[in-house]
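The opening position of the sequence shown corresponds to residue 1 in full-length UniProt numbering, with each subsequent residue numbered one higher.
Some hints could be false.
[Unchecked claim] Calculated pairs, DSSO-like style, for lysine-lysine (alpha carbon to alpha carbon, straight line, at most 30 Å):
{"id": "1", "residue 1": "188", "residue 2": "139"}
{"id": "2", "residue 1": "130", "residue 2": "188"}
{"id": "3", "residue 1": "173", "residue 2": "139"}
{"id": "4", "residue 1": "173", "residue 2": "293"}
{"id": "5", "residue 1": "180", "residue 2": "140"}
{"id": "6", "residue 1": "173", "residue 2": "130"}
{"id": "7", "residue 1": "248", "residue 2": "180"}
{"id": "8", "residue 1": "130", "residue 2": "294"}
{"id": "9", "residue 1": "294", "residue 2": "248"}
{"id": "10", "residue 1": "130", "residue 2": "140"}
{"id": "11", "residue 1": "293", "residue 2": "130"}
{"id": "12", "residue 1": "188", "residue 2": "173"}
{"id": "13", "residue 1": "121", "residue 2": "140"}
{"id": "14", "residue 1": "173", "residue 2": "248"}
{"id": "15", "residue 1": "173", "residue 2": "140"}
{"id": "16", "residue 1": "188", "residue 2": "121"}
{"id": "17", "residue 1": "139", "residue 2": "180"}
{"id": "18", "residue 1": "293", "residue 2": "139"}
{"id": "19", "residue 1": "180", "residue 2": "293"}
{"id": "20", "residue 1": "140", "residue 2": "294"}
{"id": "21", "residue 1": "248", "residue 2": "293"}
{"id": "22", "residue 1": "121", "residue 2": "139"}
Treat the hints as calculated values from the structure; they're not laboratory data. Just so you know, these numbers come straight off a predicted model, no measurement behind them.
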Amino acid sequence: MSRRAELYTLIRSAKAHLELAQVGPIPGVRPASQEERDVFDEVLAARRVRKTQAMREALDFERPKAAEPKPTAVAPRPSGSKSVPLWEQFGSKPKEIFASATAELEELWAPEDDHATRLLKIRENLGDCKRCGLCETRKKIVFGEGSPTARLMFVGEGPGYNEDIQGRPFVGKAGELLDKMIEAMGLKREDVYIANTVKCRPPEDRNPAPDEIAKCRPFIMQQVRAIEPEVIVGLGRFGTNVLLDQDKSITQIRGTWQDFDGIALMPTFHPAYLLRNPGAKRDAWADLQAVMKKLGLSN
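Construct all of the structure, not just a fragment, from the sequences and the given hints.
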């Protein structure tokens with residue numbers, strides 16, 4: 001039976017159940033006994049379980065059943081960064097950068113501008129950006145995409161090869177997995193907003209340099225202020241640390257709620273990391289479940 005046919009059958013069965021339970025006896029039809037109703041409820045519940053399981057398997061991001069050990073591999077720290085906060089490497093504190101971005105925003109949009117207009121003006125202000133050396137090797141600026149009124153925002157590190165070609169965030173293999181993660185939450189890609197801390201691809205997909213982040217960071221701050229999401233999901237160590245002004249491994253902070261200027265932020269593994277370490281999907285799904293609970297989405 002196809003999924004559509006199964007869903008149709010399920011709806012018809014549910015409708016019949018409601019008629020029996022709420023409307024009362026149907027003329028000419030013997031009312032169902034309590035025993036018959038109990039059997040029907042069991043069948044209906046089993047169908048729901050099978051359908052949910054089939055959807056999870058189709059997404060390849062199903063709710064894990066058995067606990068697996070947490071990954072121990074952690075990306076090495078950059079030389080000299082053990083005790084030096086990221087803001088010192090960048091040359092200015094995040095709050096100062098945020099304040100600067102706020103001042104620019106007052107000039108970028110009017111109070112009555114809607115979220116989409118705000119994002120448009122930020123993109124216009126970014127222009128054909130040549131604020132750092134990444135402009136010399138990039139093919140396209142990857143600004144971000146999604147709903148201007150999204151309640152949920154995903155922030156990653158920077159564009160990769162496919163993103164650089166298409167000018168869109170998360171469209172390669174990691175992007176395909178992110179789409180499945182979003183769908184497993186009961187959402188669609190167009191329901192959320194996706195962006196990166198830097199807008200141009202670093203050569204050889206290296207980590208962005210401090211000066212590159214310092215030049216680009218005001219724009220991700222502006223995007224957050226324009227969208228005003230309820231929750232941000234930080235994808236990976238680097239993108240999360242840039243937002244939070246710290247230098248911690250993602251295994252230390254994932255799964256714990258952080259505060260980003262009054263917005264709830266949940267750090268989790270980057271989809272690219274999950275592709276290399278499938279065992280970490282269990283933890284990533286737990287993080288997304290916490291986000292779903294925060295947003296009031298059904299689990």
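Comparing the hints with the structure gives:
no.	hint	verdict
1	188 <-> 139	holds, 28 Å
2	130 <-> 188	violated, 33 Å
3	173 <-> 139	holds, 19 Å
4	173 <-> 293	holds, 27 Å
5	180 <-> 140	holds, 25 Å
6	173 <-> 130	holds, 28 Å
7	248 <-> 180	holds, 27 Å
8	130 <-> 294	violated, 39 Å
9	294 <-> 248	holds, 24 Å
10	130 <-> 140	holds, 12 Å
11	293 <-> 130	violated, 41 Å
12	188 <-> 173	holds, 17 Å
13	121 <-> 140	holds, 18 Å
14	173 <-> 248	holds, 26 Å
15	173 <-> 140	holds, 19 Å
16	188 <-> 121	holds, 25 Å
17	139 <-> 180	holds, 27 Å
18	293 <-> 139	violated, 39 Å
19	180 <-> 293	holds, 18 Å
20	140 <-> 294	violated, 35 Å
21	248 <-> 293	holds, 25 Å
22	121 <-> 139	holds, 22 Å
Of the numbered hints listed earlier, those contradicted by the structure are 2, 8, 11, 18, 20.
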